[in-house]
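Using the sequences and the hints, build the whole thing.
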Amino acid sequence: MSVEEEIKEIVAGIVHVDKGILTREGSLRKDIKADSLDIVQALVAVEDKFDIEIPDEEAQKFQNFGDFVDYVERRVAEKEKV
Amino acid sequence: MPLKGKVTLVTGSGRGIGRAIALKLASQGSDIIVNFFRRREAAEKTAKDIEALGVKALVIRANVGDPAKLDEMFDTIATKFGHLDILINNAASGVGRSVLDVDIKAWDWTMNINARAFLLCAQRAAKLMEGRGGKMVSITSLGSSFVLPTYAVVGVSKAALEALTRYLAIELAPKGICVNAVAASAVETEALKFYIREGLMKDIRQATPAGRMVIPEDVANVVAFLCSEEAFMIRGQTIIVDGGTSVAPFMAFEEQSAVSR
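Quick note, the sequences are listed as chains A and B, same order. Going by the working numbering, the first sequence opens with residue 1, and the numbers climb by one from there. Going by the working numbering, the second sequence opens with residue 1001, and the numbers climb by one from there.
It is worth saying that the hints were derived from the structure and are not from the lab. Do not take every clue at face value.
[Claimed, not checked] The calculated lysine to any residue pairs, modelled on SDA-like cross-linking and capped at a C-alpha distance of 25 Å, are:
no.	chain 1	residue 1	chain 2	residue 2
1	B	1193	A	54
2	B	1105	A	48
3	A	19	B	1104
4	A	19	B	1015
5	B	1045	A	55
6	B	1048	A	53
7	A	61	B	1221
8	A	79	A	67
9	B	1045	B	1210
Keep in mind the model is a prediction, meaning the values are calculated, not measured.
Listed below in structure tokens is the structure:
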């Protein structure tokens, strides 16, 4: 399963939505009505899943779901390189 | 150096109150385990500042609301140090909502991090204090006894923490473990500035008879006292550090009352 698919499963499980509605252009807050606790829980679950850390300062820069996925993919790639 | 050779775990000690407690106890000679959850950089900075005081620091990332992560943290402490002398249960989180808006998710998140974590930490810590005694101090807040805006679930979690402090104090007394809590009013930290507007900060300053807001070092000083042998006969208590706010709740309204008939 791709990183994007894994993140979709995690987010959908936390916010209780069908993962099909998660698009790269969509906003977690506006489009799937995730609240601040959902977002923190999603960040933590993704951190645990991929054994990476996502600083709050970075997470605040995400404009949409695609930014979140891209960031995680970069961090996973960096980790694999090390 | 009253704590020379001791080993202390301070949960949530990367920033704010936890950092101040960690530095205070380190300055008294204790090695410190710096637990953090979200901000590694801050935790590494705290550890560096602790080491500059001539003691050891170990940084461990763990969400204290996750029992498996807590277990991993205590396994690491057992392996690296073999024992624990002081547990400071400081890590906290919360969802600011009115009572009617608190859902199960917000309740569980807050209760697990603020209250259940102390239960699980105390159970593991007591084993690491076996045969040598120890100290446990929890950080709570005035919201356990007083109603604060959108603080319902956090206030309830802090009330649970204080009750747990009393039960643990009695159950662990025969093992030579002292358990107490420190309740602070609004403490001037980065976290507080994030949650409340500057106008409210000013109101809090004005409502504090001591003339200023509580700062993290005020809390750390009382924690250090509770970790000292001088506090041996204090058990199961919640010591309030609030500059007098809780015993003078109407002081902020003095001017308004004066003109009312």
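Quiz item: Is residue 61/A close enough to residue 1221/B, meaning Cα to Cα at most 25 Å?
Solution: violated (38 Å)
Practice problem: Quickly compare the C-alpha distance for residue 1048/B and residue 53/A to 25 Å and report which way the hint goes. | Solution: holds (20 Å)
Quiz item: Keeping to a limit of 25 Å between CA atoms, is the pair of residue 19/A and residue 1015/B held or broken?
Solution: Since the Cα atoms of residue 19/A and residue 1015/B sit roughly 36 Å apart, the hinted pair is violated (cutoff 25 Å).
Quiz item: Are residue 79/A and residue 67/A close enough, with their CA atoms no more than 25 Å apart?
Solution: At roughly 18 Å apart (the allowed maximum being 25 Å), residue 67/A and residue 79/A satisfy the hint.
Exercise. For the pair we were handed, residue 1105/B and residue 48/A, check the Cα-Cα distance against 25 Å.
Key: holds (19 Å)
Self-check item: residue 1193/B paired with residue 54/A [C-alpha distance capped at 25 Å]
Solution: Holds: residue 1193/B and residue 54/A sit about 22 Å apart, inside 25 Å.
Quiz item: Within 25 Å, alpha carbon to alpha carbon, are residue 1045/B and residue 1210/B?
Solution: Violated, because 31 Å separates the two Cα atoms, which is more than 25 Å.
Self-check item: 25 Å limit on alpha-carbon distance, applied to hinted pair residue 19/A and residue 1104/B
Solution: Holds, because 22 Å separates the two Cα atoms, which is no more than 25 Å.
Practice problem: Verify the proposed pairing of residue 1045/B with residue 55/A, using a straight-line Cα cut of 25 Å. | Solution: holds (15 Å)
Hint compliance for this structure: hints 4, 7 and 9 are broken, all remaining hints hold.
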